[in-house]
Amino acid sequence: MLIIEDLTIHFSTRRGLVQALDRVNLEIAPGEVVGLVGESGSGKSVLSYAISGLLDAAAQVVSGRIQWYGKTIEPVRERRATRVAIAQIFQNPRGSLNPIRSVGRQLADVAGRSRVKSLMESVHLDPVKAAQYPFELSGGQCQRISIALALGCEPELLIADEPTTGLDVTTEAAVMALIDELSASRRMSTLLVTHNLALAAVHCDRILVMHAGQIVENAPVEILTQTPRHPYASRLLAATPQHSATAADLQTVPGNLPDLAGPLPPCRFATRCDRRQPDCDLTTPPLVTIAPNHLVACRHPLC
Amino acid sequence: MLSVSGISKTFGSRGWGAKPVKAVDDVSFELGGGQSLGIVGESGSGKSTLARVISRLIDPSAGTILFEGKDITSITPAHFVRRPERRSIQYVFQDAGDNLTPHLTAFDAIADPLRRLLGLKDVKAPVEALAASVALGKSLLDRYPHQLSGGQKARVGIARALASKPRLLILDEPTAALDVSVQAAVLKLLHGLRSELGLSYLLITHDVEVVRLMCERVIVMRQGRIVEEGATADVLAAPKTDYGRTLMASVPRLKPISTVTPGLAT
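From first to last, the protein sequence lines stand for chains A and L.
The opening position of the first sequence corresponds to residue 67 in our numbering, with each subsequent residue numbered one higher.
The opening position of the second sequence corresponds to residue 35 in our numbering, with each subsequent residue numbered one higher.
Wrong hints could be hidden among the right ones.
Claimed, not checked - With a cut-off of at most 30 Å between alpha-carbon atoms, the simulated BS3-like pairs for lysine-lysine come out as follows:
no., chain 1, residue 1, chain 2, residue 2
1, A, Lys-183, A, Lys-195
2, L, Lys-155, L, Lys-172
3, L, Lys-56, L, Lys-104
4, L, Lys-199, L, Lys-222
5, L, Lys-158, L, Lys-172
6, A, Lys-195, L, Lys-53
7, L, Lys-172, L, Lys-104
8, L, Lys-222, L, Lys-172
9, L, Lys-56, L, Lys-158
10, A, Lys-183, L, Lys-56
11, L, Lys-56, A, Lys-195
12, L, Lys-53, A, Lys-183
As the list claims (entries may be wrong) - Simulated DEER-style distance windows between Cβ atoms:
no., chain 1, residue 1, chain 2, residue 2, range
13, A, Glu-93, L, Gly-67, 54 to 62 Å
14, L, Thr-98, A, Lys-195, 17 to 25 Å
15, A, Leu-244, L, Gly-46, 48 to 56 Å
16, L, Ser-173, A, Pro-331, 17 to 25 Å
17, A, Gln-126, L, Ala-169, 35 to 43 Å
18, L, Leu-231, A, Asn-91, 43 to 51 Å
19, L, Arg-150, A, Arg-252, 22 to 30 Å
20, L, His-113, A, Lys-195, 33 to 41 Å
21, L, Asp-105, A, Val-194, 36 to 44 Å
Keep in mind the hints are simulated off the structure, nothing from the lab.
C-beta: ideal position from N, C-alpha, C; glycine also.
Assemble the whole structure, with the sequences as input and the hints as a guide.
What follows is the structure, encoded as structure tokens:
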């Protein structure tokens, strides 16, 4: 069971203090698949790195904590002492593999030699490729090796950061079916970080929508994809290709993410929002429960 | 406009006991002026190799390519650079971020084909016009690729391809690296440019939804061969082959939509 309470993380950079995460709260139960969606730059990867304990020393934990079965775990790499059964699938598969060891050996390192063949088959790779090195494989094949590596350690929590970007749909379906199966059979919890809302809708129990470092909506998948309450969630949904009949009808989310290094307005979505009222500029809207299991951070939610 | 017949491409073997790979196997299709054709298939199905053969970046092993009635198959890639057809066929590469020269500003990246292919000296006005046509702000033209966002880099890549006034654009996964909102903006832009400039598109992707929005016709490739071909709406709604059905069923869907049979939606 993963519980994150009020997690605020800043980074000190040459451009100033970047307010990457702001009071993030979330829970992932055993066996649950939770989706985390939002635009590039909204803080999805920072949050996933924090859970995996891979943030570098520039990260300052301003408030909050991450708890794993009651034990507090450190988001910064140098300070993480406890070993936790968390595995991460990284966005850049080629960069996350060891370039001078064959992929079969890398799999044997985490899972033992006897399981290499079955792991490769589980991600639709021909086991003869075990003798090859990452540079000999395509991006999609490297991606599948890194997925096999993550699943090979039989984690209790899987952080999958854009696990299927760059894979074709048939392989994507196979990989996601494997994750679904592990969640069900071994009660593995999964945080699926993606910007593909349709993918999250099919495979997740719950979806969290992140905007500029804040979680703005947290709802069961059917509710979020049918009747989102936060204006940003609804805009994001409208931008998916499936919501348009023709290319001319495609909707984009207006404006850009605010600069997280600068002074931020109380509601970080206000400048992009068509429902903005004077009271939006007074205080930051808290993430409040508006229906069972449904949290929204907006003063004027959609109904 | 573009007529491809019997194209095959076999890559020679490298290393001990390696067998030659037949990446593209006897592919034929026609693309009319102003039309848009999608090529879908899984990675390794030969989509990108086919596109590279057509844009004459590599030689085919067999077959002919007619572009506007002229046979361009026999021109070697080294000579094709200096041919007038090079201006008419332009390639927008997968992942613009990796395919822009890191030490050229956005301005120079767009000016480069103007200088080299059209021989223009004064490029300021045309570069600004091209940037405007892809909705890239003037202030961004002085920036280097690492200072641009993914969507901005994609726009530079498209502006660069449009510089020589091509008639055929080959788009290789134009939006794969972009998030959903930026993808919507870039697809809208590409759609608008096509009708505005009367371009033909050859769009390579594994995203069936992108094909549905952008292309009238679609080809499904597998292991170098065409396994299915037809009007996009027909192929998406009622694929004829087992592979086509598997492909359509693998697409994650938010809710049933009109062009897809409800049985396939989840």
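Against the structure, the hints come out as follows:
no.	hint	in the structure
1	A:Lys-183 <-> A:Lys-195	10 Å, holds
2	L:Lys-155 <-> L:Lys-172	20 Å, holds
3	L:Lys-56 <-> L:Lys-104	26 Å, holds
4	L:Lys-199 <-> L:Lys-222	20 Å, holds
5	L:Lys-158 <-> L:Lys-172	11 Å, holds
6	A:Lys-195 <-> L:Lys-53	15 Å, holds
7	L:Lys-172 <-> L:Lys-104	39 Å, violated
8	L:Lys-222 <-> L:Lys-172	20 Å, holds
9	L:Lys-56 <-> L:Lys-158	45 Å, violated
10	A:Lys-183 <-> L:Lys-56	26 Å, holds
11	L:Lys-56 <-> A:Lys-195	18 Å, holds
12	L:Lys-53 <-> A:Lys-183	23 Å, holds
13	A:Glu-93 <-> L:Gly-67: 54 to 62 Å	57 Å, holds
14	L:Thr-98 <-> A:Lys-195: 17 to 25 Å	35 Å, violated
15	A:Leu-244 <-> L:Gly-46: 48 to 56 Å	36 Å, violated
16	L:Ser-173 <-> A:Pro-331: 17 to 25 Å	23 Å, holds
17	A:Gln-126 <-> L:Ala-169: 35 to 43 Å	37 Å, holds
18	L:Leu-231 <-> A:Asn-91: 43 to 51 Å	49 Å, holds
19	L:Arg-150 <-> A:Arg-252: 22 to 30 Å	58 Å, violated
20	L:His-113 <-> A:Lys-195: 33 to 41 Å	38 Å, holds
21	L:Asp-105 <-> A:Val-194: 36 to 44 Å	40 Å, holds
Violated hints, listed in ascending order, are 7, 9, 14, 15, 19; each of the other numbered hints is respected by the structure.
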